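Going down the list, the sequences are from chains E and L. Here this note's numbering is used: the first residue of the first sequence is -18, the next is one more, and so on. Here this note's numbering is used: the first residue of the second sequence is 0, the next is one more, and so on.
It is possible that some hints are incorrect.
Claimed, not checked - Derived Cβ-Cβ restraints for the label pairs, each shown as a range:
| # | chain 1 | residue 1 | chain 2 | residue 2 | range |
| --- | --- | --- | --- | --- | --- |
| 1 | L | ARG25 | E | GLU330 | 31 to 39 Å |
| 2 | L | ARG25 | E | PHE128 | 40 to 48 Å |
| 3 | L | GLY91 | E | ALA139 | 34 to 42 Å |
| 4 | L | GLY41 | E | GLN269 | 23 to 31 Å |
| 5 | L | ALA148 | E | GLU216 | 36 to 44 Å |
| 6 | E | LEU331 | L | ASP249 | 33 to 41 Å |
Said to hold, decoys possible - Cut-off 25 Å, straight-line C-alpha distance, at most; resulting in silico cross-link-like pairs (DMTMM-like, lysine to aspartate or glutamate):
| # | chain 1 | residue 1 | chain 2 | residue 2 |
| --- | --- | --- | --- | --- |
| 7 | E | LYS36 | L | GLU251 |
| 8 | E | LYS304 | L | GLU252 |
| 9 | E | LYS380 | L | GLU292 |
| 10 | E | LYS294 | E | ASP231 |
| 11 | E | LYS273 | L | GLU19 |
| 12 | E | LYS273 | L | ASP249 |
| 13 | E | LYS228 | L | GLU19 |
| 14 | E | LYS273 | L | GLU274 |
| 15 | E | LYS(-6) | E | GLU76 |
| 16 | E | LYS304 | E | GLU337 |
| 17 | E | LYS228 | E | GLU194 |
| 18 | L | LYS43 | L | ASP54 |
| 19 | E | LYS273 | L | GLU252 |
| 20 | E | LYS(-6) | E | GLU17 |
| 21 | L | LYS298 | E | GLU372 |
| 22 | E | LYS299 | L | ASP250 |
| 23 | E | LYS200 | L | ASP82 |
| 24 | E | LYS200 | E | GLU190 |
| 25 | E | LYS(-6) | E | ASP231 |
| 26 | E | LYS273 | L | ASP250 |
| 27 | L | LYS231 | E | GLU111 |
| 28 | L | LYS231 | E | ASP88 |
I should point out that these hints are in silico values taken from the structure, not numbers from a laboratory. Remember, it's a predicted structure, so these values are computed and weren't measured experimentally. We put the beta carbon where it would ideally sit given N, CA and C, even for glycine.
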Amino acid sequence: MRFFEYEAREVVKRAGIPVTDYGFTTDAAEARTIAERIGGPTVIKSQVLTGGRMKAGGVKFADTPEEAEAHARDILALEINGHMPRGVLVDPKAEVEQEYYAGVVWDGTAKRPLMLFSDMGGIDIEQVAEEHPDHVGRGHFSTIEPFSDFQAKQVIAAAGVTGRALQRATPVLARLAQLFLDNDMTLAEINPLAELKDGSFVALDAHMEMENEGMPRQKNLIEALGIGAEEGTREDHTPTAFEEAVKAIDAADHRGVIQGKDTGFNGNIGLVIGAGGGSLTLTDAVRQQGGKPANYSEIGGNPSVAKACGLAKQVLQKDGVEKIAVMMSIVSNTRVDIVARGVIKACLELGRDPGETIAIFRIPGAWEEEGFKILDKYGIEYCDRSVSLWEAAGRAVAKIEGAS
Amino acid sequence: MSILINQDTTFIIQGITGREAVNLTRECLDYGSKIVGGVTPGRKGREVHGVPVFDTVEQVVEHNGGVIPDGSVVTVPPAGTRDAVFEALHAGIKTIVIVTERIPRRDVAMMVELADAKGARIIGPNCLGVIVPGVAKMGGIGGPARNAAVAYQPGAVGVMSRSGGMTTEISSTLTAAGLGVSTAVSIGGDAIIGSTYAELMPYFEADEQTQAIVIYTEPGGRMEAQLAQWVKEHDSRLPIIAFMAGKFMDDEEMQGMSFGHAGTIVEGKEDSATEKIARLEAAGIPVVQRIDEIPDLVKAKLAERSPA
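Pulled out of the complex, with its shape left as it was, chain E reads as follows (with noise of 0.2 Å):
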């Protein structure tokens, strides 16, 4: 899950590091009331889930609380890279001495989260590590033994930090280390962490991304930020109408679980494949061999005969879809009976010929024979585990586009 900047900059002062005094606001008259309460130079931050928005416009300065209104006003109305802003952030222009980079991943080689480190901060961490590696400190951190300030310290020195700045680094870093393991993120980050005229240091920006299946822990978290139910995960793309109605289909019934996604595809090929490996493996041997899928999708579990029904028929009402693949790798938990049931229901419901609709039946395992029986009754095209997963994605690709 995804976080607002200003529910972001919200998560790091509840850790007890010390942010500006801004005010996030939706109403940019009520902006121009922040920065009079603020008193002096203010920045108006767009508060989009997208990357780019300085370059894009949504980053102003004002000089006065009129100023801050105008340019809310601007910003409200902006869209960047096709999002429209929560809202605007209206901030303090804090008077800079330097500007740090601190941030928190989880390292998937060692096991354990990585702390980062450096002091240059306000650009992209990436590519400070690439231009200059010796201004970035790292350290791994335990998860199970407490953590201690000498951690943080030994990566901040490593980034060539010494001094009072080191000493007034540490403990924001410590607790940042330690917000990512309490509040379940993947990626907590404070660029810039500034420096102030006066020593002190403060968060100008953060950017916090949470873990989905730590979701249900950070329940009471999510809630004080104000987030509510119904927006999810905050995925990066709008489900199309077709993932919606596959979501539906599968929270239903809990037998067995599908997925369809169709955000990128085309083609003319529908696919109702399984399981997870399998569905990458069929959908890259489909398009190797020239063909367009419609969609992607995944089979898991032992879906009921209405659950495979239900995805096959979403996949055939796609337009431009005349006929559907089915297939997966050797099943051993679904049964192979039960999706051929499902697939050749939703063609008759549909009032399709199975046998002309169903290009190809590849999936071999678990209850085939009473499966086959039944995929003979009505004359559709059958293998089992001595057709690869290639040849029947091939087969298929042959009867689609031989037809069109």
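Once you've looked at the hints, dock chain L against the given chain E.
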């Protein structure tokens, strides 16, 4: 021989009274595995296919006259998995297969860290376990015993796969070609897993039965890069052949979308399929386009290595 488990391996099933766990117990018993007890808190005194159920792992050990089982298959829901695995580790169990999916990464990292400290090994999470064809299986891998017998015959090839289902598809292909499988491990599809390809290589290396390795890989993570590095640093006697699924995810219109396993959400270029294929091939690991190309390539590699 085999890796991780053999004909003498004893194990328990944590969460044994769950619907999937009951099936898994049946499958493993039918296949010849030695299940010495099950744990579901509050269900002591029951039996699942003749396996006695206890409230705690400690009770199982006590019931077995103080003998610590070799392994545990953990099937408890995600919110309770970490506690169950900690319980097994504290009891002294050394091989743990975690079947549960959707476990928060922090919990996975904690389990792996404690396992390391205790000298134990975790397989998974989000995996189907380990099978030694004709000998034993630990987990749902291969399904019911009669299905597993069709897809898995004993042989020379070690299989490691991020997809449970594809472990069986690949093993079945090797079996049909007469090569067979020494041990197949479904290593799991998550971003952090207990045992990666490179971490299991030394086990296969030490197993005389294994003559070649086949791996199934996907975009996401750096596990393939780690294997490529391992191969460069070790003079392995085992040829490795890889298959990469999910190449379509490299396309621009697919960026940011998630497909398949949790680990396949692509967050950067270096995780892409193209990059991984290049890395593997640079390390001398051929990446085949089709699974049905694997047997001939394995045979060719074996012929190269043993000029008879």
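Each hint tested on the structure:
{"no.": "1", "hint": "ARG25(L) - GLU330(E): 31 to 39 Å", "in the structure": "36 Å, holds"}
{"no.": "2", "hint": "ARG25(L) - PHE128(E): 40 to 48 Å", "in the structure": "45 Å, holds"}
{"no.": "3", "hint": "GLY91(L) - ALA139(E): 34 to 42 Å", "in the structure": "38 Å, holds"}
{"no.": "4", "hint": "GLY41(L) - GLN269(E): 23 to 31 Å", "in the structure": "52 Å, violated"}
{"no.": "5", "hint": "ALA148(L) - GLU216(E): 36 to 44 Å", "in the structure": "42 Å, holds"}
{"no.": "6", "hint": "LEU331(E) - ASP249(L): 33 to 41 Å", "in the structure": "34 Å, holds"}
{"no.": "7", "hint": "LYS36(E) - GLU251(L)", "in the structure": "22 Å, holds"}
{"no.": "8", "hint": "LYS304(E) - GLU252(L)", "in the structure": "24 Å, holds"}
{"no.": "9", "hint": "LYS380(E) - GLU292(L)", "in the structure": "23 Å, holds"}
{"no.": "10", "hint": "LYS294(E) - ASP231(E)", "in the structure": "13 Å, holds"}
{"no.": "11", "hint": "LYS273(E) - GLU19(L)", "in the structure": "36 Å, violated"}
{"no.": "12", "hint": "LYS273(E) - ASP249(L)", "in the structure": "16 Å, holds"}
{"no.": "13", "hint": "LYS228(E) - GLU19(L)", "in the structure": "23 Å, holds"}
{"no.": "14", "hint": "LYS273(E) - GLU274(L)", "in the structure": "24 Å, holds"}
{"no.": "15", "hint": "LYS(-6)(E) - GLU76(E)", "in the structure": "20 Å, holds"}
{"no.": "16", "hint": "LYS304(E) - GLU337(E)", "in the structure": "8 Å, holds"}
{"no.": "17", "hint": "LYS228(E) - GLU194(E)", "in the structure": "18 Å, holds"}
{"no.": "18", "hint": "LYS43(L) - ASP54(L)", "in the structure": "5 Å, holds"}
{"no.": "19", "hint": "LYS273(E) - GLU252(L)", "in the structure": "14 Å, holds"}
{"no.": "20", "hint": "LYS(-6)(E) - GLU17(E)", "in the structure": "22 Å, holds"}
{"no.": "21", "hint": "LYS298(L) - GLU372(E)", "in the structure": "21 Å, holds"}
{"no.": "22", "hint": "LYS299(E) - ASP250(L)", "in the structure": "22 Å, holds"}
{"no.": "23", "hint": "LYS200(E) - ASP82(L)", "in the structure": "20 Å, holds"}
{"no.": "24", "hint": "LYS200(E) - GLU190(E)", "in the structure": "15 Å, holds"}
{"no.": "25", "hint": "LYS(-6)(E) - ASP231(E)", "in the structure": "39 Å, violated"}
{"no.": "26", "hint": "LYS273(E) - ASP250(L)", "in the structure": "13 Å, holds"}
{"no.": "27", "hint": "LYS231(L) - GLU111(E)", "in the structure": "24 Å, holds"}
{"no.": "28", "hint": "LYS231(L) - ASP88(E)", "in the structure": "22 Å, holds"}
Of the numbered hints given earlier, the model fails hints 4, 11, 25; all others are met.
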